[in-house]
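Chemist: Residues per chain are reported as follows:
There are 2 protein chains.
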Amino acid sequence: MFRLLILITLILPFSFSGFAQQQADSLVIRSIYNHSLESGKGYDWLRYLCKNIGGRLAGSPEAERAIDYVYTIMDSIVPGNVYKQEVMVVNWKRGDIESCFDLDLDGQRKNQYSICALGNSVGTPLGGITAPVIELKNNDDLKELSREDIDGKIVFYNDHLDQKIINTFESYSSCGKIRWHGQRDAAPFGAVATINRSLTHNTDDYCHTGSLVYYDSIPKIPGAAISTMDADALSLALKTDPELKLHFELSCKMHEEVPSSNVIGEIKGSLYPEEIIVVGGHLDAWDNGEGAHDDGAGCVQSIEVLNIFKQLGIQPKRTIRAVMFMNEENGVRGGKAYAKQALQNKEKHVAAIESDAGGFSPRGFFMDGDSLLVEEVKEWAPLLEPYLIHDFSNKGSGADISSLKEQGAVVMGLLPDTQRYFDYHHAESDIYENVNRRELQLGAATMAAMVYLLSEYGVGNTK
Amino acid sequence: MFRLLILITLILPFSFSGFAQQQADSLVIRSIYNHSLESGKGYDWLRYLCKNIGGRLAGSPEAERAIDYVYTIMDSIVPGNVYKQEVMVVNWKRGDIESCFDLDLDGQRKNQYSICALGNSVGTPLGGITAPVIELKNNDDLKELSREDIDGKIVFYNDHLDQKIINTFESYSSCGKIRWHGQRDAAPFGAVATINRSLTHNTDDYCHTGSLVYYDSIPKIPGAAISTMDADALSLALKTDPELKLHFELSCKMHEEVPSSNVIGEIKGSLYPEEIIVVGGHLDAWDNGEGAHDDGAGCVQSIEVLNIFKQLGIQPKRTIRAVMFMNEENGVRGGKAYAKQALQNKEKHVAAIESDAGGFSPRGFFMDGDSLLVEEVKEWAPLLEPYLIHDFSNKGSGADISSLKEQGAVVMGLLPDTQRYFDYHHAESDIYENVNRRELQLGAATMAAMVYLLSEYGVGNTK
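Chain order of the listed sequences is F and Y. Quick note: the first sequence uses our numbering, first residue -10, plus one each step. Quick note: the second sequence uses our numbering, first residue -10, plus one each step.
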């Protein structure tokens, strides 16, 4: 039985092209990996983005510097074929004040807690909020409670990411609703603010930020994240003293939207220039770290795809477009603007790949789109097996490109090993030093190899 | 074609047991992973080994403290079933002096270089060696040279690990001969010492040590490793001034052998107690780091296997033995002593698994042994697929257990993702902080799952 499996695995590639073509593709893919591992520049670009620019939230001067930097790099690779696409972006600023402590019966400060505002949160009134605390697991718990349980209190959501789930993105997804909608769900009960346990698998002192969403019809209360260590400490303090009051102050504020840009560089296809393959990452990054894994990695990997094609002299049959999306973190404005323009211009997007799951060892691709087209792409899997790319089982793509699915594209996300991602995600620890050069460059090569196959063969009716 | 592949993948498990049994095994394996990820203790034990004991070269007081520590932990898991197996070990000490600099024409110190003695190296004479340097790629280059090219010189081997090779152990293996035999090959040409470029893929300032081997018939000259940054610097300095002299001094020394121990803990098999499955790592670790990935990880993962069986109340049909091998790094004395005693006692080893490739995200197993038996084990692969265990393509096992193959065992090595291993291997950077809890515990669960299947079904004629 095992031998039969081997036989079928060997036969598979023949279903999309002949033997000679398969051999030729294997050689091209080998040269792509060789170049990325030996001479790739992505890791150096990432160093600049992290160390010379740092956190680069949409609307910040750092974001604009990042735009200029990637423009310059891309223009050196595909001279004259780089342009900026203007995007109006959400313009939220953290401000200088983020403090949180509890008070004893005499109103004296006791324990300090590490917190940070969630993205898009309103600030507290000047001088902060002082209120009792109710600890819940998550926003589902509210269903069992009445207004008098919550009114005037700070709601403390202390749910843990499920350690048992192998793909950490799944556990993150299931907890994400607390961060997104925790304040929306608590505000109608009279809550004055929400604090949620940081969405990380680690027990440490980092605050992991991320966006929340407000609705016009619901009072806007501040939302913050507390480190996992301090979530445990606060939970313990509440067991000792359920009447404990928390004082916390945030000076964050939503400002007027401002113009910013996606940056797009492309190599025109030689045979089917009207058929477009997007490869991208998002250039904005939370202000508390350096945006190394999230998503400097995805940006430099996408630029590396262009670079590899150029350095190896591979002329793609279809157009390859590297897109640096702006404002993914707290608005997805870049992704939305790109998709809108594509529709307006009646562009034909064959496929889109986003890398936004960290610069770790690549293991496969998230995939979404018409199921027949997705199966077609999966048939190339054996060509990537020598590079340990084996996992095509996850549905999904990337926030910036997912809507291109509606325009008929197969949308994909680079799937790296997910175990360490939430150690760094949206936290101060998301720095260059926590990205490994080989892992990053293997990811870039994996994207370039997939883009090569897409550009050679198209997918579905584009063939 | 793709659907057929899925069908066959689904059918595969049925070839070794019926549907109900496969379902039951899946549930047991799921509970193994759940326990390891949620409640596993390996990461805590690793912290103690690294932070409270640290580097623990055979013959050192630290090695003896590590023996006592793992004995205590194992005895708390399988009380009364832990014992020490005495082993005479190589007893090499680094000493206090490791210095290297070059000299200008006036004999003044110019540039300092980061070097460390290779394990088992003789020291230099007191006061050090001052000699000109010849740079070679590796020991193959000696074939083109004569005694007068080398005589009185320090041979500087400056070969790079091949970045193109996906499995980093392969590139390490092909460069390993420089470290093992560089001085053996250079000494007959009159070389006074050898310095080799550290065996890492990174460009950094860490010295990566590791063993060399002497032969009675060949003069013993000192061997050292230089950091990759300083290898580049020295190479550049030699281009500017080929007459440059290097001064270097090492106070390392080989001492008399001393007694030490393997530590062995076991759970007796309920049906076939005479059939043994070994799971192990090596307890000794280089003195320059904390021995976190190499091989504290393998030790705590092996102890975790016993712990998981006990905590979940799984009674194995065959005997499971966790072995902490001593002196792998510069003698493999523990492994040899274990295999010798197994032979003397006419023990039947069904299989042995060593984890000695770092505590990274697990991806598969190295495998060796009778090819039919190996294929039999591979048929269990689908049961491990949900945990992203997919790579059974590498031949190999572990230094401590490979000789059990001659006694009929299937020998295996846990194969984690290999990209980062040589960042830390044998260097100061091999510390606890560079091991991720989830990755470590996933590896432990993967070993426990494989041990479970081996203990349930045996392999080959043991069934």
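To be clear, the hints were calculated from the coordinates, so they are not data collected in a lab. Given the structure is predicted, the values throughout are model-derived calculations rather than measurements. Treat the hints with caution; some may be incorrect.
Pairs count within a copy or across copies, as identical chains cannot be separated in the list.
Claimed, not checked - Using 27 Å as the maximum straight-line C-alpha spacing, the simulated DSS-like pairs for lysine-lysine come out as follows: (1) K367 with K126; (2) K299 with K337; (3) K306 with K394; (4) K335 with K166; (5) K73 with K257; (6) K257 with K329.
Chemist: Hint by hint, note whether the structure agrees.
Modeler: A quick look at each hint next to the structure:
1. K367 with K126: neither (39 Å within a copy, 42 Å between copies)
2. K299 with K337: This pair counts as within: shortest intra-copy Cα distance 23 Å, inter-copy 59 Å.
3. K306 with K394: within (21 Å within a copy, 52 Å between copies)
4. K335 with K166: Neither. Shortest intra-copy (35 Å) and inter-copy (60 Å) distances fail the 27 Å Cα cut-off.
5. K73 with K257: within (17 Å within a copy, 68 Å between copies)
6. K257 with K329: within (21 Å within a copy, 66 Å between copies)
Hint check: violations occur at hints 1 and 4; the rest are consistent with the structure.
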